[in-house]
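> Chain residues, written in single-letter form:
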Amino acid sequence: MRIRWTKTLLLLAPATALAAILFVYPVFGVLTLTVHDGTSFTAEPVRQIYASQLAIIVLQRTFVTAATVTLICLVMGYPMAYFMAGLTPRRRVMATYLILLPFWISILIRTYTWIILLGREGILNKTLSSLGLTGEPIQLLYTPVAVHVGMVQILLPIVVLTCLTSILDVERDLVKAARSLGATPRQAFWKVVFPLSVSGAATGGIICFILCLGFYVTPTLLGGRTSILIANLIDLQVHKTLKWDLAAVMASALLLATFACLLIYWGLTRKRSEFATGGLAR
Amino acid sequence: MTKMTRRAFGVGAGATAASLAAGAPAFAQETTIVVNGSGGALATMITKIFEEPFTKETGIKVKPTAPVSLPKLKAMVESGNVEWDLTELNGDDVVTATKAGWLMPIDYAIIDPDNKLPPIAKQPTAMVRASYSTVMAFRTDKFGKGKAPQSWADFWDVKAFPGPRSLENSPKGNLEFALLADGVSPDKLYPIDVERAFKKLDQLKKHIPVWWTNGAQHVQLLIDGEVSMTSCWNGRITPLKNEGKPVDITFKGGALMLSYLGIPKGARHPKEAMRFMKFRMDPAASAAFVKQVPYPGFVPGMMELLDPAFAATLPTSPENAAVQFEFNSAWWADNIDAVTTRWNEWLLI
Numbered sequence: 001m002r003i004r005w006t007k008t009l010l011l012l013a014p015a016t017a018l019a020a021i022l023f024v025y026p027v028f029g030v031l032t033l034t035v036h037d038g039t040s041f042t043a044e045p046v047r048q049i050y051a052s053q054l055a056i057i058v059l060q061r062t063f064v065t066a067a068t069v070t071l072i073c074l075v076m077g078y079p080m081a082y083f084m085a086g087l088t089p090r091r092r093v094m095a096t097y098l099i100l101l102p103f104w105i106s107i108l109i110r111t112y113t114w115i116i117l118l119g120r121e122g123i124l125n126k127t128l129s130s131l132g133l134t135g136e137p138i139q140l141l142y143t144p145v146a147v148h149v150g151m152v153q154i155l156l157p158i159v160v161l162t163c164l165t166s167i168l169d170v171e172r173d174l175v176k177a178a179r180s181l182g183a184t185p186r187q188a189f190w191k192v193v194f195p196l197s198v199s200g201a202a203t204g205g206i207i208c209f210i211l212c213l214g215f216y217v218t219p220t221l222l223g224g225r226t227s228i229l230i231a232n233l234i235d236l237q238v239h240k241t242l243k244w245d246l247a248a249v250m251a252s253a254l255l256l257a258t259f260a261c262l263l264i265y266w267g268l269t270r271k272r273s274e275f276a277t278g279g280l281a282r
Numbered sequence: 283m284t285k286m287t288r289r290a291f292g293v294g295a296g297a298t299a300a301s302l303a304a305g306a307p308a309f310a311q312e313t314t315i316v317v318n319g320s321g322g323a324l325a326t327m328i329t330k331i332f333e334e335p336f337t338k339e340t341g342i343k344v345k346p347t348a349p350v351s352l353p354k355l356k357a358m359v360e361s362g363n364v365e366w367d368l369t370e371l372n373g374d375d376v377v378t379a380t381k382a383g384w385l386m387p388i389d390y391a392i393i394d395p396d397n398k399l400p401p402i403a404k405q406p407t408a409m410v411r412a413s414y415s416t417v418m419a420f421r422t423d424k425f426g427k428g429k430a431p432q433s434w435a436d437f438w439d440v441k442a443f444p445g446p447r448s449l450e451n452s453p454k455g456n457l458e459f460a461l462l463a464d465g466v467s468p469d470k471l472y473p474i475d476v477e478r479a480f481k482k483l484d485q486l487k488k489h490i491p492v493w494w495t496n497g498a499q500h501v502q503l504l505i506d507g508e509v510s511m512t513s514c515w516n517g518r519i520t521p522l523k524n525e526g527k528p529v530d531i532t533f534k535g536g537a538l539m540l541s542y543l544g545i546p547k548g549a550r551h552p553k554e555a556m557r558f559m560k561f562r563m564d565p566a567a568s569a570a571f572v573k574q575v576p577y578p579g580f581v582p583g584m585m586e587l588l589d590p591a592f593a594a595t596l597p598t599s600p601e602n603a604a605v606q607f608e609f610n611s612a613w614w615a616d617n618i619d620a621v622t623t624r625w626n627e628w629l630l631i
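Residue numbers (the numbering used here), protein chains in the order written: chain C, 1 to 282; chain Y, 283 to 631.
Keep in mind that the hints are not guaranteed to be accurate.
Below, a list of computed lysine-lysine pairs in the DSSO-like style, where the Cα atoms sit at most 30 Å apart [stated by the list, open to error]: (1) Y:Lys354 - Y:Lys553; (2) C:Lys126 - Y:Lys488; (3) Y:Lys381 - C:Lys240; (4) C:Lys126 - Y:Lys424; (5) C:Lys240 - Y:Lys429; (6) C:Lys243 - Y:Lys381; (7) C:Lys243 - Y:Lys488; (8) Y:Lys441 - Y:Lys527; (9) C:Lys240 - Y:Lys404; (10) Y:Lys487 - Y:Lys427; (11) Y:Lys553 - Y:Lys330; (12) C:Lys126 - Y:Lys429; (13) Y:Lys527 - C:Lys126; (14) Y:Lys547 - C:Lys240; (15) Y:Lys356 - C:Lys243.
No lab work stands behind these hints: they were computed from the structure.
Given the sequences, and given the hints that come with them, work out the whole structure.
As structure tokens, this is what we get:
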């Protein structure tokens with residue numbers, strides 16, 4: 001027993017040390033900066049953030065954007081994963097490669113591509129106007145629409161793959177059993193496959209949601225003035241205005257809000273048996 | 283196969299070690315100064331025209347870094363780990379950094395022993411490196427034949443000059459442009475009537491889909507047709523115009539700005555850095571530089587080395603200087619905090 005504990009500790013030590021030095025310590029520094037100005041404790045940065053509505057509005061916008069993008073990703077990703085689960089293993093591997101292909105291209109390049117596609121003189125607007133559908137070019141680039149499109153494109157593969165894993169985990173025999181007991185294919189899906197795979201979808205959704213909260217490149221390149229997210233605002237305070245205390249308050253607020261969301265998610269799902277494994281393989 | 287690879291690796295590693303040994307410094311006294319600039323094509327030019335000849339002449343090596351960043355300077359000086367020996371700075375950065383005590387006083391006895399530099403170039407903690415203008419750029423093919431915007435009032439006139447526009451995502455310069463568009467005379471701009479400027483900017487806000495944040499972006503917006511007009515840095519458009527792209531600039535109402543070189547407090551090689559600053563004021567090298575990058579500065583004796591037709595296109599030529607206003611860094615350094623807060627709230631909500 002003791003040997004097993006020592007082993008566990010030894011195995012965990014490198015990762016823990018790395019996380020402590022590179023993650024916990026800096027995060028602690030940021031948290032300190034929000035309430036301590038180097039000599040004494042102060043509530044000034046928090047007061048300033050509260051007095052100016054900017055940070056609060058942008059934080060709200062960030063969470064709304066993250067929720068919308070996650071919803072779009074789930075609605076598009078789950079059916080795609082379901083379709084892939086029905087393929088022969090060989091074809092499924094091919095499909096997985098196709099899904100993973102965009103990961104080989106940097107986010108920057110993928111985002112720049114949307115500039116070419118959505119611009120006023122871009123491919124989409126050129127096509128629309130040559131078909132005679134629009135007179136004036138439509139302003140798509142530098143709008144929230146462009147930001148959503150860019151974010152969904154980047155995050156969709158992650159959602160598809162987490163959904164796929166959990167759908168594949170569902171015993172095919174259970175579906176057969178349901179069918180043999182008289183369930184229609186639709187009933188078999190909604191009563192068997194969906195409840196057993198929903199936790200995986202939810203995990204994919206949570207990962208997607210949290211990644212959204214920290215998005216920086218996409219809103220910078222594709223967004224207009226009213227589509228910047230909290231990461232952009234933090235960057236602005238660090239690099240332009242040099243108000244690191246305000247940046248620290250915003251970062252801490254983001255951290256707290258993220259934890260709050262996770263807590264709510266946990267509270268909603270902890271009593272439900274389909275979420276017992278947290279979407280990880282049974 | 284594995285064996286082959288291993289042997290090949292061994293040979294390669296041996297060669298690398300040998301070359302490292304050969305490349306080891308021959309003199310114990312050799313110094314390298316770290317000079318921070320804005321990077322990109324500009325840095326390549328600076329390396330070729332200033333840094334390499336400087337190393338040849340003095341034996342002091344120069345390591346260029348980028349980008350120009352006030353937060354980095356702050357972090358370096360405050361942590362005591364000063365990596366740069368010299369850095370580029372813009373006008374209000376100089377004021378802010380000097381107030382905060384991040385810059386070292388400059389000894390002009392080293393840089394300008396014959397006292398040839400004009401006083402405007404010699405600030406106590408920074409020396410003028412270059413002058414550039416933020417001016418109006420526009421597409422020549424969007425407004426009909428012979429029609430081109432000639433003032434900030436035209437920039438604001440969305441009926442006569444339709445199409446989206448872009449401005450920098452910063453109040454600096456934009457408040458001045460708004461006031462000029464509103465009819466304020468260039469000599470009455472400072473102190474800025476912030477209220478009036480924002481009111482004027484309100485009128486144009488919905489015609490600006492995108493607010494640029496760097497020099498590459500405003501060029502891209504104009505070339506891609508995302509906007510028909512934008513504020514821009516004068517040096518970026520001329521090469522495109524020469525390539526035959528339908529773009530042009532006007533110096534009318536432009537903001538004449540200065541860029542500086544300063545030495546961070548706690549820099550390891552301030553003496554060598556000042557020798558390099560002296561070298562940057564060499565008329566022949568500066569003339570060669572300005573032919574590539576039209577940001578002249580006040581190098582004594584340089585203008586005489588340039589073709590008069592070319593000199594006339596520079597932001598500091600008498601004709602161009604006359605139609606611009608001098609950007610007031612001191613006013614901005616005093617007001618930047620309050621105005622930036624207001625700007626961000628105005629822009630981002």
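> If a hint holds in the structure, say so; if it does not, say that too.
These are the hints, each one checked on the structure:
1. Y:Lys354 - Y:Lys553: holds (22 Å)
2. C:Lys126 - Y:Lys488: With a Cα-Cα distance of about 23 Å, the restraint between C:Lys126 and Y:Lys488 holds, given a limit of 30 Å.
3. Y:Lys381 - C:Lys240: Holds. Y:Lys381 to C:Lys240 sits at ~17 Å (cutoff 30 Å).
4. C:Lys126 - Y:Lys424: Judged against 30 Å, a Cα distance of about 17 Å means the pair holds.
5. C:Lys240 - Y:Lys429: It is violated: about 37 Å lies between the C-alpha atoms, which goes past 30 Å.
6. C:Lys243 - Y:Lys381: This hinted pair holds, its Cα atoms lying about 16 Å apart.
7. C:Lys243 - Y:Lys488: holds (29 Å)
8. Y:Lys441 - Y:Lys527: holds (25 Å)
9. C:Lys240 - Y:Lys404: holds (26 Å)
10. Y:Lys487 - Y:Lys427: Satisfied, since the Cα-Cα distance of roughly 27 Å is no more than 30 Å.
11. Y:Lys553 - Y:Lys330: Holds, at roughly 22 Å.
12. C:Lys126 - Y:Lys429: With Cα atoms ~25 Å apart, C:Lys126 and Y:Lys429 stay inside 30 Å; holds.
13. Y:Lys527 - C:Lys126: Satisfied, since the Cα-Cα distance of roughly 20 Å is no more than 30 Å.
14. Y:Lys547 - C:Lys240: holds (21 Å)
15. Y:Lys356 - C:Lys243: Between Y:Lys356 and C:Lys243 the Cα gap is close to 12 Å, so the pair holds against 30 Å.
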